[in-house]
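Here is what each chain is made of, one letter per residue.
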Amino acid sequence: MKNIVQNWLQLRPAGLYCAPGDFYVDPVRKADRAVITHGHSDHARPGHTHVLATAETHAVNRIRLGKRAGRHLQSLAYGEVLTLDDLKVWLVPAGHILGSAQVVMEYQGHRAIVSGDYKRGSDPTCAPFEVVQCDVFVTEATFGRPVYRHPDPLAEVARLRRSLELFPDRCHLVNAYGLGKSQRMIGLLRQVGWAGPVFVHGAMVDICQTYQYFGVDLGEVRPLSEASPDELAGQVVLAPPGTVQGLPDHLVRDARTAFASGWMRLRKRAATAGVDLPLIISDHADWPELTRTLDDVAAEEVWVTHGEETDLINYCSRRGVRGRRLSDLVIDDARKVG
Amino acid sequence: MHLFGPVLMDLTAAARQGDRIVLLSDYLRRAEAKDAGIALSILAGERPLARPSPQRLRHFALTGLSEHDLDRAKAAGADLLETVCLLFPARQGVNGAPLSALPMLFRPSSAITNDDLADLFAVLPVAERAALGEILSGRAGRLMSVPDIWCALALAFDAEPARVIRMWFAGEAPYPDLLTGLRAGRHPSDLVERLLPRQFHPVVECEATDIRSNTGDWFFAEETVGHRVQIVTGPPPMIVDVDGRRLTDKFPEIVNDVKNCAAALLEGMIVPAEDSNDPGKSLSKRLSARNCTAALIRQHPVLFQAHDLWQHQENDLSSEVFADRKSALENWLAIHRPGRIALWPCRRGVPPVRAGLLVRDGNQSDTICRTISPRQTAHGVLLYVKTERGRAITGLTLGVKEGDNLVPIGEVKPVFDDTEHRQLLNWARQNAREKFGPVISVPAEYVVEFSFRSILTAPRRKAGIQLVGMTFSKLCNPSALNLVPDVSMLIELRD
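So the protein sequences, as listed, match chains F and Y. Taking the working numbering as reference, the numbering of the first sequence is continuous, increasing by one, and the terminal residue is 338. Taking the working numbering as reference, the numbering of the second sequence is continuous, increasing by one, and the terminal residue is 495.
Any given hint could be a false lead.
Quick list of simulated restraints, FRET-style, between CB atoms [to be verified]: (1) P197/F - A90/Y: 35 to 41 Å; (2) N314/F - G93/Y: 50 to 56 Å; (3) D324/Y - G234/F: 47 to 53 Å; (4) E226/F - A90/Y: 45 to 51 Å; (5) P197/F - G390/Y: 54 to 60 Å; (6) G390/Y - T272/F: 48 to 54 Å; (7) Q191/F - Q55/Y: 55 to 61 Å; (8) G242/F - S53/Y: 37 to 43 Å; (9) L483/Y - S317/F: 25 to 31 Å; (10) I4/F - G96/Y: 46 to 52 Å.
Please keep in mind that the hints were generated in silico from the structure rather than gathered at the bench. All values derive from a computational prediction rather than experimental measurement. Beta carbons are placed, not taken as given, at the ideal position from N, Cα and C, and that holds for glycine.
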């Protein structure tokens, strides 16, 4: 079976290439036809000619890449089947961020899924991961080591909420990736009862508006630039990691800092971040979720695209599933966010 | 643990002293009385449980994990203890346990066993185990200074005056002044320096009903020179220590005294009967002697300090409240009058020390269940670093001021994490003033906080005194140099 799938789903320098459809999935180089799983920059690269993705992903890409998001954009809703000769392609939710999708390809009775990035936990800002059984499952392994076990995100955000109650005079500056994580943080904050405004860094404003446009209720989200220093006491400010140096002095000096990332699981990583409140919240599947997914999809062969592949391949082999490492696929791992 | 775990992790991450105080005071308001007491004990550096060695920990981990998983996970950046805490399989249906349900954390004077670890991991879900790693490694005891803990207590106590925690000091309680100062926005360090005796170490008392018999699960060790035992009065009389060793032959005079007493199970400790410069040595001679001769008994007489009465004439008293057991013990002693058994405290002229914390429910009476004499805390300048084969620091020789000079006061065994160890060892190598064998002489820059039990006169030592039971607390930054006391201050403390 593996040889059959490999005949039409091939690893090329630009990425995974589907021969019957003549397209790449998340290509790392400019391609004529590309299917994009989600809008993060390590998956959605600029310069493709024809791009197929969900409408949400296109919207995000337009904000982030502008005209370089693709010359011809074609939207495909979840579950809508696109037939290209003998090949059927459709998208199913991946539960990663708004618009994230797994690409399901079926050809000559064999089914392969490229999952992109995904998670199994609940997320108020995107559709939950959908299990589809297949023959070949292409998975990520960002947190592909058993030591990575994410706690309940609501409990983590409750810690932030508790801190807001304990330090009502201090601004809480939360470092979170601008696309996906920040909006999820806002959604989780609403779930734990935070009704006040959430101030966001300028780089996130448009993304938040896009989320709201697609019906995700984020409550009151205000640009940080519009807030006066006094107004920020006891409020939540979301900013992408690395932008702290650009923030006003008064904000950084007195702020209680937090960092939302799955990497905060490990004490040394958390210590490196140097924040008061490391929050273990990730948009990637942790080890139990990864292994549960592999069990659920019941694939005969698993291809691991990026992250910590060794343990996941070892896990597959223990269960009689052939695991394959695709780490030579040129995905910029350094830009992977937790 | 489900409350203390997240707080401990927040304390670990918090960068500001004031934040830690607020976080701890908030926890103290919310926590159960017993949990709060135990948490304070942990944060104050009380760590009777020995840290499991890496070999033992690894051996234990491999009972539930594959070697591949353990090594790979450790390589991800976690240390061994953290790796085991995160990875060891959780038991199904475990919802966490309060701190007070983890008595194995506080087993005194014994190294942690695989069974202890298995018990701990069985009752804690993975989410709470990160905090367990901090506790077992001893890092939790270095998060907050003693003054910070006092401040947190003051704030918490103010929030609910009828609540569980009472602070006792040997002299006058400066607590109201402290609280007034905190309210006025004064910096806690200033207030504590001025208002609180720094040498007081928070210690915890707990209801005697929590101290179980026969299991060795005593929560707190007495801070005095003695050997903890239980005496079964017979027939035949028997003396057993906490490790289960039979000491009946070692103390024949006590056995002789209780031979004709009614059947009872007494709990307490064997202490030297006569004050001497080194009472511990006297007791250890008795314990290590192969044959307990009449001359040895004469030279090193001992007493038994009775703390509790667990059984009396086949009646199990362990379910009784402590006050009842205490009165039963008093009656038993009044009737039988065994010559070498006394109700605590038995050493003449030493009043019971009432410094420390009493943690109990608000509705209980004020009867003291058990009082523990406090360890005293001081700072010392690092003078010599002792290494083993130049790779591991095994001892730190500390000094205190004597006029403009520094005199060595004693050696402590350090408790570092890997980073601190590496940092200090590198610093010592690079700044070595003199090296002789395994000992490196270093400039007087590093300050170490340590605790000790008592001060003895020692004319042969340069400082003229000896500190008994010196224990490493934490490394301080160089700005703490002004906290290093003069030797005359320590002599005053002894007096």
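Each hint, compared with the structure:
1. A beta carbon spacing of about 39 Å between P197/F and A90/Y agrees with the range 35 to 41 Å that was offered as a hint.
2. Our hint of 50 to 56 Å for N314/F and G93/Y is violated, since their Cβ atoms are close to 29 Å apart.
3. Separation of D324/Y from G234/F is about 52 Å and conforms to the stated range, judged on CB atoms against 47 to 53 Å.
4. For the hinted restraint 45 to 51 Å between E226/F and A90/Y, the CB-CB distance of approximately 46 Å keeps it satisfied.
5. Distance hint check for P197/F and G390/Y: the Cβ-Cβ separation is about 59 Å, which falls inside the suggested range of 54 to 60 Å.
6. Separation of G390/Y from T272/F is about 29 Å and departs from the stated range, judged on CB atoms against 48 to 54 Å.
7. Checked against the given bound of 55 to 61 Å, the beta carbons of Q191/F and Q55/Y, roughly 45 Å apart, lie outside it.
8. Between G242/F and S53/Y the beta carbon distance is about 41 Å. The supplied range of 37 to 43 Å therefore holds.
9. The hinted range of 25 to 31 Å is not satisfied by L483/Y and S317/F, whose Cβ atoms lie roughly 58 Å apart.
10. Roughly 50 Å separates the CB atoms of I4/F and G96/Y, a value that falls within the hinted 46 to 52 Å.
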